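**Student:** Residues per chain, in single letters:
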Amino acid sequence: MQHRGSRSSGAPGSESAPRTPDKGIGRRRFLGYLVAAPTLAAAAHLGQSAAAPREAGAVIPSAPEASEISDLNDLMTAAAAPTSNLISVVVNSDGTASFDMPRSESGQGVTTMAAMLIAEELDLPLDKINVTLADARPELVFNQITAGSNTVISTYRPIRIAAAIARGQLLKAAAVELGEDPTRLTSYLGVIKAPDGRTIGYGALAGRAASQQTKQVEVTLKDPSEFTVIGTPRNRIDALAAVTGRKTFAMDLNIPDALPTMICRPPTIKGTPRSVANADEVRQMPGVTDVVQIATGIAVRAKTFGQCIDAVNALDATWNPGTADNESDDTVLDKIRQAESPFTVPKVDPAAEVVEGRFTFYFRNNAALEPNTAVADVRPDRAEIWAPLQTPILCKQRVAKQLGLQEDAVAVHVQQAGGAFGRRLFDDAVIEAVEASRKMGKPVKLMWHRTDECRQGRTHPLCTSRIRASFSGDNVLTFEQRHASVGTDYSHGFGEMLTATNDDDRPPVVRENDKGSAGQVFNLTVNVPYNFGAVTQSLDEVDTYGTFPTGSVRNLVNPDVRTAQELMVDQIAAKMGKDPYQFRREFVDDERLRAVLDKVAAEGEWGREMAHKTAQAITVHKEYKGATACLVEIDCRDETVNRKIRNAVTGPRVTKVVMAIDAGLPVNPRGLEAQMQGGIMDGIAQALTSSLHLRDGVLLEGSWDDYFYTRHWNAPLETRVIVMPPTTGKPGGAGEFGVASPMAAVACAYARATGTIPTSFPINHDTLSFNPKPTVPPLPPSPTNGLTFTY
Amino acid sequence: MRTHTFIVNGERVHVKIEDDVRLLWVLRDVLGITGPKYGCGINVCKACTCHINGKAFNPCSVRVADIKGNDEVTTIEGLPDTVGADLHPMQEAWLERDVAQCGYCQPGQIMAAVAKVRQAREAGHEVNDADIDEIRNICRCGTYARIREAIKEGATKM
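Protein chains in written order, with my numbering: chain C, 1 to 791; chain Z, 1001 to 1158.
Derived from the structure by calculation, the hints contain no laboratory data.
Note that the coordinates shown come from a computational prediction; the quantities given were computed from them, not determined experimentally.
A portion of the hints provided could be inaccurate.
Unchecked claim - Pairs of lysine-lysine residues, derived as DSSO-like cross-links and limited to a Cα-Cα distance of at most 27 Å, are as follows:
{"id": "1", "chain 1": "C", "residue 1": "K401", "chain 2": "C", "residue 2": "K439"}
{"id": "2", "chain 1": "C", "residue 1": "K575", "chain 2": "C", "residue 2": "K613"}
{"id": "3", "chain 1": "C", "residue 1": "K303", "chain 2": "Z", "residue 2": "K1016"}
{"id": "4", "chain 1": "Z", "residue 1": "K1068", "chain 2": "C", "residue 2": "K303"}
{"id": "5", "chain 1": "C", "residue 1": "K401", "chain 2": "C", "residue 2": "K270"}
{"id": "6", "chain 1": "Z", "residue 1": "K1152", "chain 2": "C", "residue 2": "K656"}
{"id": "7", "chain 1": "C", "residue 1": "K644", "chain 2": "Z", "residue 2": "K1152"}
{"id": "8", "chain 1": "C", "residue 1": "K442", "chain 2": "Z", "residue 2": "K1016"}
{"id": "9", "chain 1": "C", "residue 1": "K439", "chain 2": "C", "residue 2": "K303"}
{"id": "10", "chain 1": "C", "residue 1": "K644", "chain 2": "Z", "residue 2": "K1055"}
{"id": "11", "chain 1": "C", "residue 1": "K270", "chain 2": "C", "residue 2": "K773"}
{"id": "12", "chain 1": "C", "residue 1": "K613", "chain 2": "C", "residue 2": "K599"}
{"id": "13", "chain 1": "Z", "residue 1": "K1055", "chain 2": "Z", "residue 2": "K1068"}
Please build the complete structure, drawing on both the sequences and the hints.
**Tutor:** Here it is as structure tokens:
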């Protein structure tokens, strides 16, 4: 612990004196609640609004993009305000505090962040704060979605308010016990001390400080100058559980009689089962207890998952066609090409030079390492669900509808996720588990096989991004971006927050896809972070959002959108005869961007001499109330590109990354660094190696040795993340923020090292680097030769 | 169906199950040892990495019948006992560097790291970047930078 000292009491309730007199106190006074409970419970409304002011730009200022005035996070926080309910911090008689967090923890570190906020305002050590994940709470409406890097932004104040009220109440109870004025007491690490040295612990006070009735109280939060926890690097609160194997995921749960269950799936995307010839025979296989047909395939329940795999592969099933049986990468790209909107900005200056680019980004898998898993126990009058979920309320509502039950008859327990990356926004596995459990009349622990994850799991949609820019002298006059994409499914919750427009003159695909809200999400997330004169950006979609099982991967459209932009920025700079770093320095539309750019240029030794076929590149990104810049070095020499590793893609290696992030107020710099490191690995994968190949309705990849996410041998040998000191005083997002600028930088570095500007991503997509596994039977057989690979 | 017996984390176990059930499912679904994770089932992702007689291996790809009676299987749960401590030095290094994010692959990463350090030493050198590049364990959160640091640090205390 790094608490630097005790602090005096103050103003926990409106009748008390302020903690310390200062001018900023009005801005730190908030209303919260004491909640009637047997032990001390303090609460606050979840929800705040914060529209970031926009700074005027230099050079030729661009009109502010929609995302700069009101971005997705403003929408998510504002949508909450009128409907949100209370979140509570509870102090227990053993001296610990508990917080049931209405968010999903998937590795992004939000439970640690929440514990830090409580530790700060409650003056309690981190290891005495227990943060659990709340069951689905429908009364929270929009406020239990975990997405858009919004968790810190939307919970920063309410959690602190609740913790501060709890501390105030403890001081009052201690004052009675110790016969002292509360303003003369100090709190430190869970102990309250009187001036004469007498002490009393929080545990002893928890019951006495409990409120008999729920009432509103005013509280003053700490001044940032007093922070001893917020802003200091802390380790994850679940780190010990993770390294000892004790951290529990949905598939580790021991729910009585919830036996392993898997699904035999169709050979093409979204196919459906027609008939099964040998269900009885398969039921007789070792370990197998049940075989039932469900909407998406044939569900098999057995004593072990291994026996499920064997049974799935033994099924003799026939299938109806899927939704994309005749589609391949090329056919989808043709459709996209036809849907691409023309550029519209007229030539401003007859003498201006024009540059144009068109970039293709292939389907990508947003699977986590923990596959889709859901435990379901469906009874005639109720159902209980355990699953990692970013949108648990929606899941609860969908399950209730599926079973014809009242919502309160469905309990949804949110589990820690083994990664999310967008996939846990959807409850596909829960709906399947519920159907299987209902039809079998038994609890099930449903898990997707890895091959299912690749072939029937959700994908980041194939898309193109076209850019036309014009410049004259030292000014960029116009910058237009036309993004065209397979429809993205945002029907999981973002959609409900947004008011869909209904213009019936629009083509059917657009009308249908607006239900999925992709257009609005695009407008609320993209920007061009440079002063480039007349700037326009738009999205066109093909196929209804349900044709392919889509869902955005981490950082939504921006890794693609920004990669296309930064490749063009380097071209414009080159044509103007300007250094890529100096050009960006001159044109960025935000001082915070300029600061992170300068930081990585200095720390990453921008401009140092590089060997032939190796190069540096530098990029920026602005989103989530923050700013990032990334400098990478890439090695495209033959001896590196042609490294041979069994069943592996090698190719160019990013050897060094220096990234800087200004998150406004970094709550946990160590966690923020981790999120950026992860984003870097995603950016490298998406630029160089990871994509899905669509051929005749089949995604060819079937394992992690087909779908090439970054591996140890492609990870940079040197990765440095610089967390900038606080700037705005308000925390920004982290989880998704780290992908866009590294992906763009890797693409730019590749262009500079090879002299060839890449136009499709990942750069290795045109070469199929593996032998596709059969689609029938659907799963690869379990190997038996594991002992020949020991080391 | 016969009864298979071998040693897991220092204790002899007896499991009555079909010969061809892979050891991963015997550990997880029968014995309730859930530290080794499923990530692919075909010896690719390495999330289930454990040790057999001190060497790294993947139980998703070994039939239970191929485990001999005196084979010693160590999962992440049993790793600290191999050094007679609450935590193995590699786990300590992992905590020191705050390596884990979601944590799902981390038991396998740690088991692989310990074996890789030993393998390097048997080859006469300390673990280096080239050795770490050979590790196939996937971390989808992308914690590779901290894993690399933690392996080198953990090795110094092994």
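**Student:** Check each numbered hint against the structure and report the violated ones by number, ascending.
**Tutor:** As far as the earlier hints go, not one is violated by this structure.
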